[in-house]
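Enquirer: Residue numbers (numbering that gives the first Met the number 0): 0 to 157.
In short, the hints are calculated from the structure, not lab data.
Quick reminder that beta carbons are idealized off the backbone N, C-alpha and C, glycines included.
Some clues are possibly wrong.
Claimed, not checked - Here are the simulated lysine to any residue pairs, SDA-like style, with alpha carbons at most 25 Å apart:
#, residue 1, residue 2
1, K56, D29
2, K57, V47
3, K60, A117
4, K25, I78
5, K57, N26
6, K57, R15
7, K155, A117
To be verified - The calculated label-pair distances, taken between Cβ atoms and stated as ranges, are:
#, residue 1, residue 2, range
8, P110, I24, 26 to 32 Å
9, V122, N58, 57 to 63 Å
10, N58, V142, 56 to 62 Å
11, K57, G17, 45 to 51 Å
12, N92, G40, 42 to 48 Å
13, P135, K75, 32 to 38 Å
14, K56, V142, 26 to 32 Å
15, Q146, T118, 14 to 20 Å
16, K56, A87, 42 to 48 Å
17, D143, I24, 47 to 53 Å
18, R85, K155, 24 to 30 Å
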Amino acid sequence: MTPATDEPIHQDRLWRDGAWTARIIKNDDDDGWAVAMYLAGESEPALVGPWTMGRDKKNPKPLDTNAFNTLVKTAKEVIRRSEQQRHAELNKNVTITVNGNRMRVSLAIVPDEEGATATLTAVDEFDETLGCVPVPPHFKLNVDSAQAWVASGYTKPV
Numbered sequence: 000m001t002p003a004t005d006e007p008i009h010q011d012r013l014w015r016d017g018a019w020t021a022r023i024i025k026n027d028d029d030d031g032w033a034v035a036m037y038l039a040g041e042s043e044p045a046l047v048g049p050w051t052m053g054r055d056k057k058n059p060k061p062l063d064t065n066a067f068n069t070l071v072k073t074a075k076e077v078i079r080r081s082e083q084q085r086h087a088e089l090n091k092n093v094t095i096t097v098n099g100n101r102m103r104v105s106l107a108i109v110p111d112e113e114g115a116t117a118t119l120t121a122v123d124e125f126d127e128t129l130g131c132v133p134v135p136p137h138f139k140l141n142v143d144s145a146q147a148w149v150a151s152g153y154t155k156p157v
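Given only the sequences and the hints, what does the whole structure look like? Please build it.
Expert: Here's what the structure looks like:
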């Protein structure tokens, strides 16, 4: 292992192994405890959830290998679902039929702090590009807007 910060830590309230760190924290909303899961290099936790009280009903139950592994698995799933949702928000497509020909019209949005961009693309059933134009990122893609775009000869929508 490289620097000491990468060394595993196995404490009752702090557990780090590999790219993940679990930290037991006081739940500010009540008398209980919470666990926060951090991925290395991230300042915000990937997952925060309630944590079990110990036998004394005051202190948190200590972390252990099984709990840590379960938390890692859950945090990875949360990240995966978030990425899938973000992908779905940024990439939409509809299938339409024009003059008996099926085609897929897709909208791909590229987020950017200085201004997102978007591209509208039509492909035929053989994935040959029929048309491609830049559009505003707020463009609403649906069957009607796709058909209108194709009918316009793939000119940039207004």
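Enquirer: All hints are to be evaluated individually against the structure, with a verdict given for each.
Expert: Hint by hint, here is what the structure shows:
1. K56 to D29: Answer holds: K56 to D29 is near 13 Å, not above 25 Å.
2. K57 to V47: holds, 20 Å
3. K60 to A117: violated, 49 Å
4. K25 to I78: At roughly 24 Å apart (the allowed maximum being 25 Å), I78 and K25 satisfy the hint.
5. K57 to N26: holds, 12 Å
6. K57 to R15: holds, 24 Å
7. K155 to A117: Satisfied, since the Cα-Cα distance of roughly 12 Å is no more than 25 Å.
8. P110 to I24: 26 to 32 Å: About 31 Å separates the Cβ atoms of P110 and I24, which means 26 to 32 Å holds.
9. V122 to N58: 57 to 63 Å: holds, 60 Å
10. N58 to V142: 56 to 62 Å: Since the Cβ atoms of N58 and V142 sit about 58 Å apart, the hinted range of 56 to 62 Å holds.
11. K57 to G17: 45 to 51 Å: violated, 31 Å
12. N92 to G40: 42 to 48 Å: violated, 33 Å
13. P135 to K75: 32 to 38 Å: holds, 35 Å
14. K56 to V142: 26 to 32 Å: violated, 58 Å
15. Q146 to T118: 14 to 20 Å: About 18 Å separates the Cβ atoms of Q146 and T118, which means 14 to 20 Å holds.
16. K56 to A87: 42 to 48 Å: 43 Å Cβ-Cβ, so the 42 to 48 Å window holds.
17. D143 to I24: 47 to 53 Å: holds, 50 Å
18. R85 to K155: 24 to 30 Å: Since R85 and K155 have Cβ atoms about 26 Å apart, the given range 24 to 30 Å holds.
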